[in-house]
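So the chains spell out like this:
There are 2 protein chains.
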Amino acid sequence: MTERIGFYQDLVVSAEEAAKHVNHGDRVGISGFTGAGYPKALPAAIAEKAKAAHEKGEEFKIDLFSGASTAPDCDGVLAEAEAIRFRTPYNSDPVLRGQFNDGTALYQDLHLSHSGQQVEEGFYGDFQVAIIEVVRITEDGNIIPSSAVGNNLEYIDAADKIILEVNEWQSLNLEGMHDIYKIQKLPNRLPIPITQCDDRIGTPYIELPKEKVVAVVKTNAPDRNAPFKEPDEVSEKIAANFIEFLEGEVAAGRLDYDKFIMQSGVGNVPNAVMAGLLDSKFENIQAYTEVIQDGMLNLIDAGKMTVASATSFALSPEYADKMNEQADFYNKHIILRPQQVSNHPEVIRRVGLISSNGMIEADIYGNINSTNVGGSRIMNGTGGSGDYTRNGYITTFVSPSVAKGGAISAIVPFVSHTDHTEHDTMVIITEYGVADLRGLAPCERVERIIAIAHPDYRPLLEEYYERAQQNKFLHTPHDLETAFEFQINFAKTGDMRGK
Amino acid sequence: MTERIGFYQDLVVSAEEAAKHVNHGDRVGISGFTGAGYPKALPAAIAEKAKAAHEKGEEFKIDLFSGASTAPDCDGVLAEAEAIRFRTPYNSDPVLRGQFNDGTALYQDLHLSHSGQQVEEGFYGDFQVAIIEVVRITEDGNIIPSSAVGNNLEYIDAADKIILEVNEWQSLNLEGMHDIYKIQKLPNRLPIPITQCDDRIGTPYIELPKEKVVAVVKTNAPDRNAPFKEPDEVSEKIAANFIEFLEGEVAAGRLDYDKFIMQSGVGNVPNAVMAGLLDSKFENIQAYTEVIQDGMLNLIDAGKMTVASATSFALSPEYADKMNEQADFYNKHIILRPQQVSNHPEVIRRVGLISSNGMIEADIYGNINSTNVGGSRIMNGTGGSGDYTRNGYITTFVSPSVAKGGAISAIVPFVSHTDHTEHDTMVIITEYGVADLRGLAPCERVERIIAIAHPDYRPLLEEYYERAQQNKFLHTPHDLETAFEFQINFAKTGDMRGK
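Chains as they are written, first to last, in the UniProt record's numbering: chain S, 1 to 499; chain Z, 1 to 499.
For the record, the hints were derived by calculation from the structure and aren't laboratory data. Computed from a predicted structure; not experimentally measured. All C-beta atoms in this analysis are idealised placements derived from N, C-alpha and C, irrespective of residue type, glycine included. Be aware that one or more of the hints could be misleading.
[Stated by the list, open to error] Which chain Z residues face chain S? A few, computed with CB under 8 Å, are given here:
#, residue
1, D102
2, P191
3, R377
4, R390
5, G439
6, I488
Next up, chain S with everything else stripped away, as it sits in the complex (with noise of 0.2 Å):
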C-alpha cells in the first residue's frame, strides 16, 4: 500500500488518532456524494468520542458539510451517536433524517451547486477540519480523489486542518478520470472553459496545501453501493413515456437523435429510462449530470454513451466491482468534476441539456414538491434538481402517479412545499402519459396535468379546480380552504382521499 501514501508515510496514525483533531462545536467538510468517496474510518472514530463525552455529561456535537449525501457508516454512525447539531447540504440517511423531523438536529437543504460557493464566501463561518476519502497522494503530496470529488476543494480551502484516508478498495485506475478545476474567487471570475460535456479543463489531482495536513488514515473499505433494483412495470411505462417525448422532440425538429445530453436523478425511473435508451434510435448520447449510474455504464459498454460527464458514483455493488476492474476502460468515457461545475448554472444552460428529476407532488399548475411529505417531514432534499431545472433546455419531472399503494398522489391541488416553482417546470411525466407545460399559462396546464394523474384521484382534482373557479380570480384559480384537502386527509387518515 506504500504506492499510496508516500509523501505523508508520517502522518500514518490510527482513525482514533486521527479523531483528536476533531472537537466539539467544529465545522468539519467532508468527501462524499451519494454514497460514494465519503470517510470511511473518522465517522465511526468521532461517533465514538462523541459518545465517550456524553457518557461523561459534556457536549459534542459538530457542524457536518459534505458534498451530498454519504451512507450508514458516515451519516448513520454519526446521528447515531448524536454527533451531529447541523447538516448541509444533502441527506438521505434514514438515521439522520429522523432526527431532523423530531427536532434534534438541524439541515439546511440547499442547491448543490451553491454549497460549495457559500462555504468559500464564508457565510458558515470557519471551517476547523476537512477529512478527504483519496485513492491515493501523489510523489509530491497532492491527492487522486475517490469516487466522488464533491466539494474536496472547498472544504481542503477552508479547514485549518485536512485528514485524509487512503482507501485501498478504490481503484488505481480512477487516476485520471477527475478533472479538477477550481472556479475563481470574486471579484475576479473568469468564464468556465467548458463548452462540450467532455471538455477536460482542469487537472487529475488535487493541489493540497501541504502544511495543514495533519493525518493520514488507511482504510479498506467499499463505498454503499445500493443494491440495483430491477424495473418494475410503472417505471417502464414512465420510461417508455419519456422516449416517446423525446421521439417527439426530434419530430418537432428540437432534438436531434445524435448527441443529446442528459441529466439524470438516481432511482428506479432514471434506470428504466437508461435502460429504454439502450434499444433506442438515440446515438452517442451524453450525459452531463451528478452521478454516475449502472445505466450510463450499460450506455457505455452497448457504445450508445459517449461521455458521461459528473461529480460522483452511484452504482450497485456488482457494478462498483465493474468499475474498479474496468477503470482504465471507463477512464476514457467517465469524467468527474467539482460539483460546483457539474451543477454550476453556467454550464449547464450553455450545453443544453434534458433534465430528469423525481418529484414528492406536483400540482395542478406545475409547481413541484422535491423534499417535504405534508409540508413538513424532510425526506431528502432539493439536491441539484434546481441546478438543472432551472437552467436546463428542456426539463422534466418523472414520477409514479400514486404511492404507498394508492394512498398518496403525486397530483395534488396545491403543493405542501414548493421547491421548484411554475416558472420553471416545462413537462411532467407519470405512467399515465406526458404533461408538456410549455408555452402554457397556469390555467392551460390544468386539464394536462390532471389527465397524467392516476385514475382514482382525477375526479377529486377535476372537483377541486371546479372549487377554484369560484375565485374571482383566475390566473391560478386556487379554494385557500380546501388546497391542502389531499395532504391533511392524508395525515389524518393515511390516505389522501380521506379514506
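Chain Z: place on chain S using the hints.
Here is chain Z on its own, set in the frame of chain S:
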C-alpha cells in the same frame, strides 16, 4: 428626420398601413422593457383593427411577446380592444392584468432570461411579426435600438416580417450605449465573455435580415416614464437597514467599500436605497441589473457609480429628459444589453452581485411570493427576480412590513404562491430590520423573520408557529389546516388579522 431612416425610405408607411401585416392568431414579438423602448404607434393601429373586426363579429386576437412590461399606449390599448389572447413574459398593465384575473386573457409569467431562449428553441412555434422601436436605421440597413434592448434579437430572428418604428423622441445620442451580443444557438454555445460589468462584447447596432423588413413607421412619442415619488419614511427606513446590512458585510470581510455590484428591482424602496448610497462610504459602485433608474443617474452624476449595465431604462419624465439631453455623457457609464445577457445566470453568478427585489409576501421559512395575491390574483410577474436571486452572491428581498394600512402583512405563515424557494432566499429586509437567513435550517429562520414583521402581526405569527410545532414532523413545522389563515381572512374581511 431623414438621417434616422435612409435605407428603408421606400418602406415608410402609416401605422394603419403597417398594421395590415398583423393578423388574427399571429404571434407578435415586440421591443420594450419596463415602459421603455416599446412601439408607440402600431399597438393602437392593431387595436383599431381588432375593434373593427370584433364589430363585424370576426375574431381578432394576437399572442403578444415582449421584453417585459410596456405602457398604456401598448399593452393598454391592445387589452382595451380585447386584442390579446396570450401574453408573455411580463406585464404590469392594469387593464391587461384585469383580463388575466377575470380569465379573458392568458399569461405565462416567465423568468426574463428564459423567454428569448424559449422562443429561439421553438417552444411557441412560428412568429409572424416583430415590431421594434429604433433610434435610427443605419446607412446599411441595420438598426440602433432605442431605450430598451429586451428580446429584440430573438423576435427579429423568429419573425417572418419586421416592422420598424423610428421614434424621433429618442435621442440620437443613445447610439453607442447598446452592446449587442448574440448568444450562440445549441449545440454550439460559447462562454459569454463578460467578466466585469463594464465589458463591452458586441456591436452598437442590431444586424437586420433586410429582406424581412416590410414597413417603417415614424413616431415621436415619449416612453412611459412613471413619475418619481419622493421616498416615504418607511422606504427610508428599509433603505437604511439595507445599507446597514451592507456595512455589516464589509465589517465581516465579505464585501468591500470599493466596487460593490448592485442589482435592483424597480420602485420606491430601491430609489430610497440609491439615495442612501449617495451619502454612504461605498465608492465606484457598479450595477449589473435589468433597468436604469433615476437613482443610478444620481449616483453616476455624483461620481459614486462607474457603470450601470442593464437592458432598459425606467426613468421619471424629468430624468428621461435629462437622459435625452445628456445621452452623450451617460453613454460612457451605461451599457444596454439584450435581456438574455443582462439577466443571464452565467454572468450574474460570475460577477457576484448583491440583489434586491420587492415581494408580495414571505413566509416564516423564507419562501417568497412575488406574483400572486392570495395565491390566485396575478399582480405583475416574477420578471428577472428569479434570475438574480438564484444566481446572485448575496440576495435580498425588501418590502414594507404591511400594505393597505396594515390590512396585509408581508410576513405570513405560508406563502400562497412560491416564486423563490426557501433554498434561494438569503436576506429579507423590512422597516423593522434585517432577517439574515444564510446558513440556517428552516426552524432557525422563524424567529428572525417574525422579528421583522409588523408588531401587530408578530403575536399571530408566533401563535401559528406554536401550533405548527404540534406537528409530529419538525423540519419545517406547519399546520396545514390553518396555514392560509392570513390570506383567507383577507379574502373574507379585507384584513389579514380577520378584523
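Checked against the structure, which of the hints given earlier come out wrong?
-> Structure breaks no hint.
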